[in-house]
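> Read top to bottom, the protein sequences are chains A and B.
With this note's numbering as the guide, the letters of the first sequence map in order to residues 62 to 399.
With this note's numbering as the guide, the letters of the second sequence map in order to residues 62 to 399.
One should not assume that every hint holds.
Note that the list lumps identical chains together, so a pair holds whenever it fits in one copy or between two copies.
Computed list of lysine to any residue pairs in SDA-like fashion (alpha-carbon distance at most 25 Å, straight line) [claimed, not checked]:
{"id": "1", "residue 1": "K284", "residue 2": "F175"}
{"id": "2", "residue 1": "K284", "residue 2": "F305"}
{"id": "3", "residue 1": "K346", "residue 2": "L297"}
{"id": "4", "residue 1": "K284", "residue 2": "V310"}
{"id": "5", "residue 1": "K360", "residue 2": "D307"}
{"id": "6", "residue 1": "K346", "residue 2": "G123"}
{"id": "7", "residue 1": "K158", "residue 2": "T321"}
{"id": "8", "residue 1": "K346", "residue 2": "W294"}
{"id": "9", "residue 1": "K158", "residue 2": "K172"}
{"id": "10", "residue 1": "K225", "residue 2": "L161"}
{"id": "11", "residue 1": "K308", "residue 2": "P275"}
{"id": "12", "residue 1": "K220", "residue 2": "E165"}
{"id": "13", "residue 1": "K377", "residue 2": "L289"}
{"id": "14", "residue 1": "K158", "residue 2": "L100"}
{"id": "15", "residue 1": "K158", "residue 2": "T299"}
{"id": "16", "residue 1": "K107", "residue 2": "L373"}
{"id": "17", "residue 1": "K122", "residue 2": "Q132"}
The set of hints was computed from the structure by calculation and includes no laboratory data.
Treat the numbers as computed from the prediction; the structure is a model and nothing was measured.
There are 2 protein chains.
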Amino acid sequence: MRKSIINKSTIFKAVFTIIVFLIGSIFNVQAEVQASDPLPSWTDGKLKMEIVRFVTRVTTKGSPDFVPSEQRIATFDQDGTLWSEQPVVQGMFLMYKLELMAAEDPSIRTKQPFKAAFEHDAKYLHTEGMPAILKLFSATHSGMSQEQFEMEVEEFFAKTKYPKLDVPIGQVVYQPMIELLDFLRANNFKTYICSGGGIDFMRVLSARLYGIPPEQVIGSSMKKELQLVDGKWVLLRTGELDSFNDKEVKPVNIDIHLGTRPLLAMGNVRSGGDIGMLRYSQGRKGPSLQLLVNHDDEKREFAYAEGDNASLSAAKENGWLVVSIKNDWKSVFKFSDR
Amino acid sequence: MRKSIINKSTIFKAVFTIIVFLIGSIFNVQAEVQASDPLPSWTDGKLKMEIVRFVTRVTTKGSPDFVPSEQRIATFDQDGTLWSEQPVVQGMFLMYKLELMAAEDPSIRTKQPFKAAFEHDAKYLHTEGMPAILKLFSATHSGMSQEQFEMEVEEFFAKTKYPKLDVPIGQVVYQPMIELLDFLRANNFKTYICSGGGIDFMRVLSARLYGIPPEQVIGSSMKKELQLVDGKWVLLRTGELDSFNDKEVKPVNIDIHLGTRPLLAMGNVRSGGDIGMLRYSQGRKGPSLQLLVNHDDEKREFAYAEGDNASLSAAKENGWLVVSIKNDWKSVFKFSDR
Numbered sequence: 062m063r064k065s066i067i068n069k070s071t072i073f074k075a076v077f078t079i080i081v082f083l084i085g086s087i088f089n090v091q092a093e094v095q096a097s098d099p100l101p102s103w104t105d106g107k108l109k110m111e112i113v114r115f116v117t118r119v120t121t122k123g124s125p126d127f128v129p130s131e132q133r134i135a136t137f138d139q140d141g142t143l144w145s146e147q148p149v150v151q152g153m154f155l156m157y158k159l160e161l162m163a164a165e166d167p168s169i170r171t172k173q174p175f176k177a178a179f180e181h182d183a184k185y186l187h188t189e190g191m192p193a194i195l196k197l198f199s200a201t202h203s204g205m206s207q208e209q210f211e212m213e214v215e216e217f218f219a220k221t222k223y224p225k226l227d228v229p230i231g232q233v234v235y236q237p238m239i240e241l242l243d244f245l246r247a248n249n250f251k252t253y254i255c256s257g258g259g260i261d262f263m264r265v266l267s268a269r270l271y272g273i274p275p276e277q278v279i280g281s282s283m284k285k286e287l288q289l290v291d292g293k294w295v296l297l298r299t300g301e302l303d304s305f306n307d308k309e310v311k312p313v314n315i316d317i318h319l320g321t322r323p324l325l326a327m328g329n330v331r332s333g334g335d336i337g338m339l340r341y342s343q344g345r346k347g348p349s350l351q352l353l354v355n356h357d358d359e360k361r362e363f364a365y366a367e368g369d370n371a372s373l374s375a376a377k378e379n380g381w382l383v384v385s386i387k388n389d390w391k392s393v394f395k396f397s398d399r
Numbered sequence: 062m063r064k065s066i067i068n069k070s071t072i073f074k075a076v077f078t079i080i081v082f083l084i085g086s087i088f089n090v091q092a093e094v095q096a097s098d099p100l101p102s103w104t105d106g107k108l109k110m111e112i113v114r115f116v117t118r119v120t121t122k123g124s125p126d127f128v129p130s131e132q133r134i135a136t137f138d139q140d141g142t143l144w145s146e147q148p149v150v151q152g153m154f155l156m157y158k159l160e161l162m163a164a165e166d167p168s169i170r171t172k173q174p175f176k177a178a179f180e181h182d183a184k185y186l187h188t189e190g191m192p193a194i195l196k197l198f199s200a201t202h203s204g205m206s207q208e209q210f211e212m213e214v215e216e217f218f219a220k221t222k223y224p225k226l227d228v229p230i231g232q233v234v235y236q237p238m239i240e241l242l243d244f245l246r247a248n249n250f251k252t253y254i255c256s257g258g259g260i261d262f263m264r265v266l267s268a269r270l271y272g273i274p275p276e277q278v279i280g281s282s283m284k285k286e287l288q289l290v291d292g293k294w295v296l297l298r299t300g301e302l303d304s305f306n307d308k309e310v311k312p313v314n315i316d317i318h319l320g321t322r323p324l325l326a327m328g329n330v331r332s333g334g335d336i337g338m339l340r341y342s343q344g345r346k347g348p349s350l351q352l353l354v355n356h357d358d359e360k361r362e363f364a365y366a367e368g369d370n371a372s373l374s375a376a377k378e379n380g381w382l383v384v385s386i387k388n389d390w391k392s393v394f395k396f397s398d399r
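Taking the hints into account, I'd like the entire structure generated from these sequences.
Structure (structure tokens):
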């Protein structure tokens, strides 16, 4: 009899344990469903669903649109797509360097094109155009070794705040974009920056800001030369432009770096600078996705448009997804859920 | 009493099990020691030991020379370092394309510089130099879309045998180098090709020959342009040279692709083409390793040297490791253990 009682008691305990386990599982499952929203800062709706569906489609084995992981390449513009561009951060670095130069030699304040930069004389710079701009970049971004330049960017980054938003520069990164990058990488995408910004400027920051390693950054570049300086072989940054990574040059540089068309490409509305990259991605054999950020949120970020509306027209014509900051992003920055 | 006997029997069984387990372990350990030679095609000796020790040094946590995995970048020349270069495979592709062109239009056989190529007129090509060579490359490597070019390389590769060795081209890869690449990757190195060969030519083959994905290939390139052809945006290969990835240009292109100096760089003796890359690697802050393959094995591969001995002189001066194919490689190719 006693044995039998023990058995009953054991069975009871086992059943109880199973029930507790099952209840626990149910709660866990619910918790998981809630935690499994990969894009919590994106507004639930059609756009978010299209992104998630695309990623599911190309990563589900057996799906007719399945793409092997080695072809899951995603390229992102930086300024205005991954972080704010009012003002462009590298322009701030240029001014920071000019101030350092003027502290050594105040006479540059009276010489063009530096004078125009110090006085925010947009009219002069617009009239003189690319040669004047290049002169400013050359004066502030060249003449040093590659390693020296990286140190200067580090110093600038540690010292400087972003105007208007009044936060350290690193905080003007868009929180929804961090989530999108993480979501893509969790699905074995390789994420790249492809931006008009300087390749070396961006590389100093890309890993800590976006989890993108330096070798996955594509950008504008200056010519460099291997030279022996103080007994050491260094790459000297010459003042000459090598490649301005904008518009139809973006696909060319993506090809140099990757040799393949991106499965997903994302840029933003401002100057038409990303149309070429999105067209190139869309020409991929098989599925692909193109997105454009539209800056329409004066309250939480900035609102600006293109004079000729080229990017939005191209989006409409080609079926690219347009991300409205106002409507599609629940929060814009991590520092504020305004 | 019975209880006690059972216990002794249990203890006996346990001890026996432990002994069997230990003996098994000893055999396993021996098997592991034998299986754990990461470079079986390399002759045991000083050179092999130096390579293994370097990798151990930079990958052992707590070692003063420890290098975090994101900085473990290794760059390899291709022709003469990863596979044979007598003749250079891309030169064979050039001739293959010229033959196809001559089948369409036999008159090119009588026009320079094509005539010189068909007649192996080295004197003409040497006298006319780079402009003539570029004309040959332009005629055979440009005028088509990027995708079309890749298909042509595939066809060539499937059809052609390597002369002198009489095997499919894919088999002239050096077996010891495959082992070295695998060994480095097993230690979280990222392996790159950095070669004078055409970037797009190499990318078609790099994954299947060396396990190196296309985006980890750096090479010479032609200018390309995004153009609308038959309603599709494609990169058209123009006939103009963009970058000849040789000598002091190799560090410049490594910088464009990676933004950092390689921890390990390896080239070969032939034209001094890898000296710049090895110098650049050696200028890295912290540990680094440089190697040069010396082709001194007429019997199993080919024997050739540099007129000015520049590579071997630089190796001596800078303490780079020289790999003698004759002495340091037990076998050269997979197809033959001659």
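> Hint compliance check: list the failing hint numbers for this structure, sorted ascending.
The structure conflicts with hints 5, 14, although it agrees with all the remaining ones.
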